[in-house]
Amino acid sequence: MKAIVYILISSILLLGIPAKSGAESVLPQEHPSFKNVKVREVKGRFTVTGQARVSSGSFYYMVEDGHRVLLPETLLKVNKEAPAWTEFSIILPVLKRRNGKLFLNLYERDEGDGKIIHSYLVVLPYN
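Sequential numbering from 1 applies to the sequence shown in my numbering.
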C-alpha cells in the first residue's frame, strides 16, 4: 500500500495536477509604497534598505515580536514624494528579543484620518 501511495504522489509531483477548466491565475501586485526591501544583520544590529514611494515624503516604522512593541513608531523622512521612488536606509538599535521572530512594519499614515495605510511587514532574521 505504501508503494502505491508513493508512486501516486511521485506521479502527481512530476506531472503536476491539471488546472480546473476556467481557473484563473492571479499575479501579485507591486506594493504601492515599498519595494526592494533588504535586511542585513551584523552582531544583533539590523540595517534595512529599500525604496519608498510615499505621498507625504515620509513614512513610519516600528518593530514588534507579535506580542510587544520593541521599537515604537518612528518617523523617517525621505528625499522625494510619490510618484518618484527614493532610496531609504534604517539602522535599528540592538533589540532584546525573548524568543521567536521580530517584525518590522513599514507604513504610511492617511493624511486625513491618520490611520495606517500601505503596511509592509518584514520578518527580521533570527540567528
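In case anyone wonders, no lab produced these hints; they're calculated from the structure.
Quick caveat, the model's predicted, so the values are computed rather than measured.
Ideal placement from N, C-alpha and C gives every residue a C-beta, glycine not left out.
Please note: incorrect hints may appear among the correct ones.
[To be verified] Cut-off 20 Å, straight-line C-alpha distance, at most; resulting in silico cross-link-like pairs (EDC-like, lysine to aspartate or glutamate): (1) K77 x E111; (2) K96 x E30; (3) K115 x E64; (4) K96 x E73; (5) K115 x E87; (6) K96 x D65; (7) K35 x E87; (8) K96 x E64; (9) K43 x D110; (10) K38 x D65; (11) K115 x E81; (12) K80 x E41; (13) K96 x E41; (14) K101 x E64; (15) K101 x E73; (16) K43 x E73; (17) K101 x D65; (18) K77 x D110; (19) K38 x E87; (20) K77 x D65; (21) K80 x D110; (22) K101 x E41.
[Stated by the list, open to error] Now the in silico label distances, taken between C-beta atoms and shown as ranges: (23) G112 x K43: 38 to 46 Å; (24) R97 x P32: 26 to 34 Å; (25) S56 x E30: 26 to 34 Å.
These are the hints, each one checked on the structure:
no.	hint	in the structure
1	K77 x E111	15 Å, holds
2	K96 x E30	33 Å, violated
3	K115 x E64	18 Å, holds
4	K96 x E73	17 Å, holds
5	K115 x E87	24 Å, violated
6	K96 x D65	10 Å, holds
7	K35 x E87	10 Å, holds
8	K96 x E64	11 Å, holds
9	K43 x D110	36 Å, violated
10	K38 x D65	19 Å, holds
11	K115 x E81	19 Å, holds
12	K80 x E41	27 Å, violated
13	K96 x E41	14 Å, holds
14	K101 x E64	9 Å, holds
15	K101 x E73	18 Å, holds
16	K43 x E73	23 Å, violated
17	K101 x D65	6 Å, holds
18	K77 x D110	15 Å, holds
19	K38 x E87	12 Å, holds
20	K77 x D65	25 Å, violated
21	K80 x D110	17 Å, holds
22	K101 x E41	14 Å, holds
23	G112 x K43: 38 to 46 Å	42 Å, holds
24	R97 x P32: 26 to 34 Å	30 Å, holds
25	S56 x E30: 26 to 34 Å	20 Å, violated
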